[in-house]
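Undergrad: Just so you know, we're using the numbering used here here: the sequence shown kicks off at 98 and counts up by one.
Since the hints were derived computationally from the structure, they do not count as laboratory data.
By construction, the Cβ of each residue, glycine as well, lies at the ideal position given by its N, Cα and C atoms.
Careful, some of the hints might be misleading.
Cβ pair distances, simulated, as ranges [said to hold, decoys possible]:
1) T365 x E218: 19 to 29 Å
2) D233 x R347: 23 to 33 Å
3) E630 x E455: 14 to 24 Å
4) G470 x N151: 34 to 44 Å
The list that follows gives simulated cross-link-like pairs (lysine-lysine, DSS-like), each with its CA atoms no further than 25 Å apart [claimed, not checked]:
5) K239 x K199
6) K615 x K512
7) K387 x K451
8) K248 x K259
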Amino acid sequence: MSGNDIAGGNQLKFRVKGWIDREIFANLMRFSDYKGRENGESLFEINYKKIRENGITLEEVLNTLKSLGDKVPPLSIQALENIIKGGNKITLYLENDEIVLKPNSYIKDLFVNLKEYLVYEREKKIFKVYPGKYFDLLKKAKDIGLEIENKTGLPDSLKMSKKINFKGELRNYQKEALESWKNNSSRGIIALPTGSGKTVIGAAAIAELGEMTLIITYTKEQLLQWMEMLKNFTDIPQSMIAAFYSEEKRIAPITISTYQTAFRHIKTLAYRFSLLVVDEVHHLPADKFKTIALGMYSPHRLGLSATVIREDGKHVELFPLMGGVIYYKTPQELVEKGFLSPYASYIVKVGLSKEEEEKYEKLKNIYKALTLGIPFAEVLKRAKSGDSRMAKALKIHNEMVQIYQKAKAKEEAVKKIVEQELKNGSKILVFTQYVEQAEKLGNMLGAPVLTGSTETKLRKKILEDFKKAQSGVLVLTTVGDEGLDIPDVNVGIIVAGTGSRRQFVQRLGRLLRPKPEKTAKLYEIVTKGTAEESLARKRKKLEIDSDEKEKKSKQTKLF
Numbered sequence: 098m099s100g101n102d103i104a105g106g107n108q109l110k111f112r113v114k115g116w117i118d119r120e121i122f123a124n125l126m127r128f129s130d131y132k133g134r135e136n137g138e139s140l141f142e143i144n145y146k147k148i149r150e151n152g153i154t155l156e157e158v159l160n161t162l163k164s165l166g167d168k169v170p171p172l173s174i175q176a177l178e179n180i181i182k183g184g185n186k187i188t189l190y191l192e193n194d195e196i197v198l199k200p201n202s203y204i205k206d207l208f209v210n211l212k213e214y215l216v217y218e219r220e221k222k223i224f225k226v227y228p229g230k231y232f233d234l235l236k237k238a239k240d241i242g243l244e245i246e247n248k249t250g251l252p253d254s255l256k257m258s259k260k261i262n263f264k265g266e267l268r269n270y271q272k273e274a275l276e277s278w279k280n281n282s283s284r285g286i287i288a289l290p291t292g293s294g295k296t297v298i299g300a301a302a303i304a305e306l307g308e309m310t311l312i313i314t315y316t317k318e319q320l321l322q323w324m325e326m327l328k329n330f331t332d333i334p335q336s337m338i339a340a341f342y343s344e345e346k347r348i349a350p351i352t353i354s355t356y357q358t359a360f361r362h363i364k365t366l367a368y369r370f371s372l373l374v375v376d377e378v379h380h381l382p383a384d385k386f387k388t389i390a391l392g393m394y395s396p397h398r399l400g401l402s403a404t405v406i407r408e409d410g411k412h413v414e415l416f417p418l419m420g421g422v423i424y425y426k427t428p429q430e431l432v433e434k435g436f437l438s439p440y441a442s443y444i445v446k447v448g449l450s451k452e453e454e455e456k457y458e459k460l461k462n463i464y465k466a467l468t469l470g471i472p473f474a475e476v477l478k479r480a481k482s483g484d485s486r487m488a489k490a491l492k493i494h495n496e497m498v499q500i501y502q503k504a505k506a507k508e509e510a511v512k513k514i515v516e517q518e519l520k521n522g523s524k525i526l527v528f529t530q531y532v533e534q535a536e537k538l539g540n541m542l543g544a545p546v547l548t549g550s551t552e553t554k555l556r557k558k559i560l561e562d563f564k565k566a567q568s569g570v571l572v573l574t575t576v577g578d579e580g581l582d583i584p585d586v587n588v589g590i591i592v593a594g595t596g597s598r599r600q601f602v603q604r605l606g607r608l609l610r611p612k613p614e615k616t617a618k619l620y621e622i623v624t625k626g627t628a629e630e631s632l633a634r635k636r637k638k639l640e641i642d643s644d645e646k647e648k649k650s651k652q653t654k655l656f
């Protein structure tokens with residue numbers, strides 16, 4: 098026999114000479130899979146799952162093969178004996194706050210099974226385990242029959258020293274969401290619309306699990322909202338909550354940080370928390386933020402979002418990182434039950450001026466000549482790869498977008514909608530992508546403007562004044578897409594956006610917090626005959642609407 102008795106893949110194979118009677122064959126099938134005949138021999142592959150399920154030890158497998166005498170070549174017997182003696186064992190330990198895996202078996206075979214959990218450091222010639230995949234690796238190693246010597250000392254949970262009690266009352270769907278999460282080993286993403294109380298569910302989950310918790314938020318405002326929510330809905334002492342942000346960076350049983358801060362200080366945070374709560378979790382798959390999920394060892398994870406779906410498709414990466422989407426409700430479902438305000442959305446079409454149209458058509462022709470029909474996604478990919486022709490095309494494309502998103506006619510449309518809605522006593526948010534356009538609209542409407550560069554104290558004052566007002570207008574850039582909590586806002590006007598379903602749903606969500614006799618309205622102003630119009634038409638009629646018959650979106654020719 099040749100050395101092929103030992104498989105070069107990820108399993109041990111053995112051969113049996115001659116023909117095998119039914120009884121012996123059935124016995125072999127208790128711990129292996131039959132792979133066929135070759136050169137007058139029967140080929141089998143050890144199946145570790147069968148061994149576990151049938152309660153068989155490796156020693157029993159070895160004895161069974163030995164009982165067949167010279168029917169089984171010596172190399173197969175020797176390979177199995179090596180496994181039993183420790184050749185199939187891995188050792189895990191911590192070194193400089195990194196989880197290191199030391200294999201005691203043929204390294205290529207091991208890597209085939211575990212490579213998605215590991216990073217190989219060539220200089221030190223060691224395998225490092227992603228902390229966020231540590232528990233998945235333990236399970237996988239066990240599933241494939243590896244013996245694990247775990248010297249990391251990492252616990253399955255880090256309990257708080259004091260029991261925390263939840264003081265609120267959960268709605269039925271919030272209870273269902275919490276139960277779904279608990280039944281999924283306290284892992285998973287809860288996808289619920291803005292205004293549905295995701296943070297309240299998070300507070301209840303933290304209180305119930307009672308473990309050291311790291312909460313990740315997208316903005317400082319959301320960080321402060323979480324602090325307030327925990328104070329209102331649990332009996333946790335203030336001393337047990339800390340912000341790991343800016344100059345403070347204090348660690349407590351419940352620590353709240355932002356994506357940017359946590360990403361930069363992941364090694365400090367990595368092993369201090371067994372529960373990771375990620376708000377606005379759709380941001381997590383971004384390359385640098387993914388480091389947070391991979392860098393935290395936390396076995397228990399809760400993701401919260403109104404819009405899990407990403408236009409770039411990276412939302413699929415959330416599933417292994419956080420445990421999958423385990424609960425989902427659309428706004429329409431919660432509107433029907435009275436938990437969110439009913440709403441209507443309108444597409445308002447305007448035209449380009451003659452000058453704008455000429456410039457747009459000229460740029461469109463140049464773009465077509467450069468790209469020759471190549472899809473935009475491919476143009477973007479090639480431009481990023483250094484293709485100068487596609488880089489020029491991308492620049493032209495951006496100029497076209499600016500023309501139709503900043504069309505002069507949009508200003509008049511906004512003015513008419515605002516005048517009409519203020520007569521009805523409405524409270525209005527005006528959304529755009531551009532600081533310049535926001536400031537221009539603010540001056541035209543006599544309204545305050547919030548952008549990412551608005552100084553913190555001024556920002557706070559603007560929001561406080563707007564919250565107190567019975568009606569009025571607030572102009573926002575993308576800073577208002579998330580984390581804005583003004584329950585009595587009932588009208589939104591989108592002047593310029595990305596065209597993505599996710600951003601549309603986020604902006605709609607700002608309007609849906611319930612209030613007696615409130616019906617929210619969202620106006621989307623688009624330019625006719627441009628990509629903006631086709632984006633509005635092609636975009637799914639809101640992922641949040643599962644029942645098309647209930648759709649309240651309307652086409653209108655108001656202007």
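Undergrad: I'd like to know which numbered hints this structure contradicts. Please list them from smallest to largest.
TA: 4, 7 and 8
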